[in-house]
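Chemist: Which chain is which? The protein sequence lines are A and B, in order. For the first sequence, the positions run 29 to 360 when the working numbering is used. For the second sequence, the positions run 29 to 360 when the working numbering is used.
Rather than coming from a laboratory, the hints here were simulated on the basis of the structure.
You can't tell identical chains apart in this list, so a pair holds if it fits in one copy or across any two.
Keeping only pairs whose Cα atoms sit at most 30 angstroms apart, straight-line, the calculated DSBU-like set for lysine-lysine is:
1) 339 x 41
2) 309 x 233
3) 41 x 303
4) 73 x 143
5) 335 x 49
6) 73 x 142
7) 142 x 233
8) 160 x 48
9) 233 x 73
10) 49 x 160
11) 184 x 48
12) 184 x 233
13) 321 x 233
14) 48 x 147
15) 147 x 73
16) 160 x 41
17) 48 x 73
18) 73 x 49
19) 321 x 303
Below, each chain spelled out in residue letters.
Number of protein chains: 2
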Amino acid sequence: MDRILLGHGSGGKLMHELIKKYIAPVFELPSLMDSAIVSISHSGKLAITTDSYTVSPIFFPGGDIGDLAINGTVNDLAVVGAIPLYLTVGFILEEGFPISDFERVLNSISNAAKKAGVKIVAGDTKVVDKGKGDGIFINTSGIGIVPEGVELSPLKIEVGDKVIISGSIGNHGIAVMSERNGFVFEPPVLSDSRALNGLISEILKEFACYVKVMRDPTRGGVATTLKELALESGKDILIYENTIPLHDTVRGACELLGLDPLYVANEGIFIAIVKSHMAEKLIELMKSHPFGKESAIIGEVTGEGGKVLLKTSIGGTRIVDMLPGEQLPRIC
Amino acid sequence: MDRILLGHGSGGKLMHELIKKYIAPVFELPSLMDSAIVSISHSGKLAITTDSYTVSPIFFPGGDIGDLAINGTVNDLAVVGAIPLYLTVGFILEEGFPISDFERVLNSISNAAKKAGVKIVAGDTKVVDKGKGDGIFINTSGIGIVPEGVELSPLKIEVGDKVIISGSIGNHGIAVMSERNGFVFEPPVLSDSRALNGLISEILKEFACYVKVMRDPTRGGVATTLKELALESGKDILIYENTIPLHDTVRGACELLGLDPLYVANEGIFIAIVKSHMAEKLIELMKSHPFGKESAIIGEVTGEGGKVLLKTSIGGTRIVDMLPGEQLPRIC
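Kindly produce the complete structure, drawing on both the sequences and the hints.
Modeler: Following this line, the structure appears as structure tokens:
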């Protein structure tokens, strides 16, 4: 048996074998119960999130759907200021999906969870008939604890605040795009899929009261995320194109493909809007962390309104809006 | 615009419009943030669960994929003794899926959540290209609080304990099956899709220390669930066929289709293993609740081993095992 069968999703013997042989050992699940019981050591605020992953292809330079599913959900918790603790993983497998690919994804999930320091506590496996899915889709939901004193909100944004980005943009989208279309870049563009909770918790330990809000610019890219923040805060944001970290290979790939890197998806960076006078100090701290080496101040909050403006490297200014339609479908 | 487009999953403008116009109002989501922040009023034990729903067809007599996705996840929390509180909902939509169908499902989700008394706090929408999905898949994850003093476990099962079922079996599976194959039964068989947390909390309020374990016999049916409990507890379970509540129409449909009702999926009943001398009192309480009217004692724990035995209505005894392969794929 080397492929997924419909019976693997039946709830019966085949499913038990699949879980027992492949899933439970990798995740170190304590039991096969539908619900896990966990202890929360204090009362207070919990963050809850969910994300489904349908990236195509499932393997790409720098990552795969497995680590993406962990990192993406960990990051969604981390950017609201939470310490990610427990994740659930739900698979929708297509009949005929190679079990060897499934094993590879399971291992990625397990490694990514260990790196991020989170526990997978519950799972679910469904199988759909051939032609009604696409190999594997993964849903990852998670909860985390929001420490006392951490309260991020776009409503805290004030005129004068600085906009910080934690790393270079466009890597994930271009990595997936290149794999999907068989492009080879030299050096190859790798996805930035990684868990940001470590870096973020270091920041919040020292700078919690100076950080107004954080977001990870995934689907829709940096432009869409900034526009969301502008709309939610009612403030205008001005960013400077020449300060935005962007690798030459990604810039080249974007030119070749006719893409604006501001709209290309990221999976390992975040945007923070912070109190102006602390921005430099924060960048200093971030640069000392392996995932913040490329961090930079890329702009500031300039007034009331809800617009995002880009000062281009040749000196012009243009309005930045959300991604209008689809640019890169199934990028995460 | 009356169908789902790839751009609805892009993270950009189209997705924001879809969420703002259709999803947020129905779920009364406070914000469109990726993670929700909720308060937990006490420290202690949390139950966490996840389930993906791929039922086909998505509309069937007595329910649809929307209420199923809420009730199934609520029930997974309830049967471990938790009070379900917060759910997340993740959609994987296929390009071309009619928005009117999506609206119908969203309304079902909203109504089911209200009935069950749970809040939907976070969501996610992905779109896959036509032919790479099947209309709509839903993942529902959830958390609940386990009250002090509630600790259910198959390890508490003792010889002499009684096996209780809360309602008649096979309704959901036959309802979906009949819709899928265009069978019409008279009277129609309706899915039993419903939230059991109300009934279960009443039981646990009075009988928490007499209930050893509960499970909802969904995929794989009553037979698979009992076999799981037998294996996990290492005990033998004997059930009596003629005590198992089964509607005549379901019995007839099973005979017609060559199905054993013990393996047909349920979405609105649970099995409880309880201290023998409290079983009758428990049934009395359950019968006073609309979802427990058909409850019955169907068997007992007879010894060490891990087997499930069925005393048939004609007096024979046979071994009951888990569902061997697939019987009814995509039943939930």
